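Student: Next come the chains, spelled out residue by residue.
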Amino acid sequence: MSAPTGPARASLRLSLSSLRAHKRRFAGTFLAVFLGVAFLAGTMVMGDTLRASFDTLFANANSGTAVVVRSADVVTVPGEGQGTREPVDTALVTRLRSVPGVAAVAPAIEGAGQLVGRDGEPVGGQGPPTLAGNWIDDAGLNPYVLAEGRAPRTSGEAVVNRAAAEKGGLGLGDTTVLRTPDPLRVTIVGLVTFGGEDGMGQSTFTGLTRADAERRLMPAPGRASTIKVRADSGVGQEELARRVAGVVPHGVEAVTGQQAADENLDQVSGRFLSLFTTLLTVFAGIALLVATFSIHNTFAIVVAQRTRENALLRALGASRRQVLGSTLAEAVAVGLAASAAGLLGGIGIAAGLQALFPAVGFPFPEGELVVGATAMAVPLGVGLLVCAGSAVLPAVRAGRTAPLAALRETAVDHSGASRGRALLGAVLAAAGAAATVAGAAGTPQVWLTSAGAALVVVAFVVLGPVASSYAVRVLGAPLARLRGVTGALARRNALRSPKRTAATATALMIGVAVVSLFTVFGASLKATMDRTVDRSFAGDVAVTASGFGAGAGGLSPKLAPAVGRLPEVATAVGLGKGVAEVDGGGRQLTVTDPVALTRVLDLGAVDGSLSGLGRDGIAVSRQEADKHHWAPGSTMVLAFADGARRRFTVRAVYQEAGLGGDYIVTRTAWEPHKVQDSDALVAVAFKDGVAPDDGRAAVQEAARGYGNPEVQTRQEYAESAASGVDIMLTLVYALLALAVLIALLGIANTLTLSVHERTRELGLLRAVGQTRSQLRSMVRWESVLVAAFGTAGGLALGAFLGWALVKASDSAGTSAFAVPPGRLAVVLLVGLVAGVLAGWRPARRAARLDVLRAIAAE
Amino acid sequence: MTAARVVDAVKTYGTGDARVRALDGVTVGFPGGRFTAIMGPSGSGKSTLMHCAAGLDTLTSGTAWIGDTELGALGDRQLTLLRRQRVGFVFQSFNLLPTLTVAENITLPQDLAGTGTDREWVDALIDVVGLGDRLRHRPSELSGGQQQRVAVARALAGRPEVVFADEPTGNLDSRSGEEVLRLLGRAVHDMGRTVVMVTHDPVAAAHADEVVFLADGRLVDTMADPTAEKVLDRMKAFDSSRDTGRGTAPRQRVTS
Ligand SMILES: Nc1ncnc2c1ncn2[C@@H]1O[C@H](COP(=O)(O)OP(=O)(O)OP(=O)(O)O)[C@@H](O)[C@H]1O
Ligand SMILES: [Mg+2]
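Line by line, the protein sequences give chains A and B.
Read in this note's numbering, the first sequence has 112 at position 112, and its numbers run on one by one without any break.
Read in this note's numbering, the second sequence has 171 at position 171, and its numbers run on one by one without any break.
Errors might be hidden in some of the hints.
What the hints assert, rightly or not - Now the in silico label distances, taken between C-beta atoms and shown as ranges:
#: 1; chain 1: A; residue 1: Ala477; chain 2: B; residue 2: Glu120; range: 39 to 47 Å
#: 2; chain 1: B; residue 1: Asp239; chain 2: A; residue 2: Arg473; range: 55 to 63 Å
#: 3; chain 1: B; residue 1: Gly132; chain 2: A; residue 2: Leu852; range: 27 to 35 Å
#: 4; chain 1: B; residue 1: Gly132; chain 2: A; residue 2: Glu757; range: 50 to 58 Å
#: 5; chain 1: B; residue 1: Thr69; chain 2: A; residue 2: Glu757; range: 30 to 38 Å
Hints were generated in silico from the structure; no laboratory data involved.
These numbers come from a predicted model, not from an experiment.
From the three backbone atoms N, C-alpha and C, an ideal C-beta is built for every residue, glycine too.
Chain A with its partners taken away, still in its complex shape (with noise of 0.2 Å):
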């Protein structure tokens, strides 16, 4: 045999002087290509030099920590980030000291504190926490470095870290309220710096001395989250730990100061960097497979267009596998240049970003930015992967050439719309719908759901050129009466290659359909929400603190008391929380007066009665109760995180979980085992004959007392509690933007190959009489007609997936499903807006056409 370089190199050079001379051809792909590999790439890079930055912050702040002492018991619930821990004896301090090794011991205390701001406005506490705490006086254990000013010495002074203070206009010798959550008035006296940043993250942070802290943050005095040891130099931390384990008693383990930041660690790049990274990288996901779609095409196109020529090097002696091979160099050519572009562009997107968050009041961790080979490799290799990818099918049948097709005209194609396929795609759907309905209805099966879901996808893309003809064919039928010929001829066109017009629309589809998957997502959870308020709140207002999520400051226990002494208020009752392990799995509780509860909150039917729990008694929502077979009698046992173990009896079992939770104990029961004791809502409702708005006014003013948090009324508590989702759904619009962006730079550069391929025909029509304008909205409302129907198929596949993904993500059965049709009709209007926009350029150039050389164009 002979050596292959002859012939291969005879097929390298023909796909280079073909990208050579179709440049343009290939414009849209890299442009798609290197938009989704640029995402790709700035997501990873950013996310390894935000790990590596906040790496290097904990291991230097916490450089001097050897030892922390702590319980050894905790309880996770899930959805919560850190687990929950007893406190630690600060008795255990001197016989710290005493251990041979040890330099410095100091007593650590960590609790939430909303610092309020000049305004009266809380600072912070949108997501991040907002940490309060002693201040530790010996430097080598306290991660936070005073930079201005001094420590706090007395009571009712503070530090705070020099980012909070800005934000919230406070400075030196300022006072101001501290809710931790009972309002503490400060007077800052010192301004702290963490890891040589002006905070941590945007968390906030607030230094009280031990006495206030020990008094505010912890359950009883004597006692502290933690305690840290700093080694003499000379001893190990793994000694030094190991040293400390034989003096501490049982329950309170020692492990190295390496390991709990580490932990540490995993709590921000665990929890918020890895769920950051993951959401970015689906989204570049989605936007690559986009732009798979729309190279597939390209690529499809641009071998129908060279048959000729494909055939006519056939005719002349070339094998199928040069011709095979050319096709695909010419992809992996376009890919390579534009994966590089677009890992060029990504490590600059990173950079950017770098430059841009602070400036925006986001500290980016100062540093080198990262760019690891996983970085490198990846976004190259998926970027080359997505070209060659979609250039396999069109190269094969590039291969498959008949020589004889050189002398063929070649007919219009109408391959697309076969019966077989048209058969095979209703089966599939048929499938894949009963899967989605099994798994969605009745006890959800998620795996059934998903699975049916992606059949359902697939049969889409299937059908895809069938259901072309027959949408093009009715959402054209107006277009023919409206424009006369104009229209009519477009609708021809988009008609005339389903196969082409189905792929064109396919990547417009799936990035659609995600968005209406979200917006019905969203407006559902929305919908839940308020559907639980709405239930489940029979009060008349809600005192919320501001804020949601972790970061959330909480309320005053003594708040509801001071409420309810109120005249115009009949009850307000507080709702605290609690964590416990019921089976070995953490679980919320709701700490109140189940009495009263029962006044501000619908708790639907009731099993049993929620008087009387006192110490020992609690309240099960059916669900779990059904779940765990309890009923009114049954006793359970519950495992605080001070390791206690407590048999409850369930005394009632209610029908609503709502804004109650699912496990509902009394003050009394929850005492012993508190930590920072703090109400997460007081419900109120008001005596008969009280006006709302004066009501409302006077809880308001008895609340001033107390760090000022929010009053709400019912329709307001709903819509703050479903704030986040539309928080949610900005970013999630923003980041499918880049999607349906390549979708539509397919849709264009499809309509300016079309364009090219039929520029006899253009010319035609001009000798014959169209206008410059008739032409130029010809090929527009042929790009609308494309857009119009991938958007269509996008919204009814993203709404029945949204429904498929609420029913199957609600064990409860509580979800409300809801279709919100004002956001679709903007979806959809933007869609074919956007069609309007993929027409304007091949559009521009079709009609900027020479009439004389069309006609002799061969």
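Since the structure of chain A is provided, determine the placement of chain B with the ligands on it from the hints.
Tutor: Then chain B with the ligands, alone, in the frame of chain A:
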């Protein structure tokens, strides 16, 4: 009355050394109600003359007229409107839009204008063309000759002042060509239309009332009531004059 004419028409292509004078001062009128053929060797400027006279292209100097309208004064949009209302076209090939049916192709210019079609006239045309049973077919289902007949019907459908045909039979065998030519003849003699046709074929030219001869971008001769033999003789004379070097180079270069 002349339906279309050009006066001192000059058309040059390219610049510098590559400059070509495709039309070199041609003045010719195409009388209304007559069938005129344009003949001449390849590269003599026939197509160029036709394109310029029909408003598909603009002259470098000189004037072109359709009826009383001077084309040089018109913009692209006005030229387009003129083409669809007052001029018909038949090209050598690719005359029809593949996505439209025969019937739709015939009325395309009127549909583009948004004006109604003269049903009676179009039906009469379809009758003459003899494709009444093919109206719903697509061009790809027709033979080359049938396609050209549809193109002729399309060119006549709007009752244009003049129909320009560039080698309409160039791709056809003699029988189909004959049908198309007879159709053009009937359009002139029975329906009173004006046709200007470029052709290489003396037999085709014999269908015309008059033949004008071009060479090297100049009008060199005209012949009334042509027959195939007379035209052939004239062409041969032309060739020999060329061979003996009486003509200049086939492409005249401008050297200033
Ligand atoms: N777009 C153009 N650019 C440059 N030169 C051109 C162009 N079109 C025509 N020519 C030149 O102008 C001259 C006349 O061309 P034209 O097409 O009018 O000839 P013709 O008589 O129609 O020839 P044929 O019988 O081969 O169709 C030729 O020399 C040709 O090379
Ligand atoms: Mg010609």
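Student: Hint by hint, note whether the structure agrees.
Tutor: Against the structure, the hints come out as follows:
The given range of 39 to 47 Å is broken by alanine 477 of chain A and glutamate 120 of chain B, whose C-beta atoms sit roughly 29 Å from each other. At roughly 57 Å, the beta-carbon separation of aspartate 239 of chain B and arginine 473 of chain A lies within the given 55 to 63 Å, and the hint holds. A hinted range of 27 to 35 Å holds for the C-beta pair glycine 132 of chain B and leucine 852 of chain A, which are about 34 Å apart. Taken as a hint, the range 50 to 58 Å is violated for the pair glycine 132 of chain B and glutamate 757 of chain A, whose Cβ atoms sit roughly 33 Å apart.
Taking 30 to 38 Å as the suggested C-beta distance range, the pair threonine 69 of chain B and glutamate 757 of chain A conforms, at roughly 35 Å.
Checked against the numbered hints given earlier, this structure breaks hints 1, 4; the rest are met.
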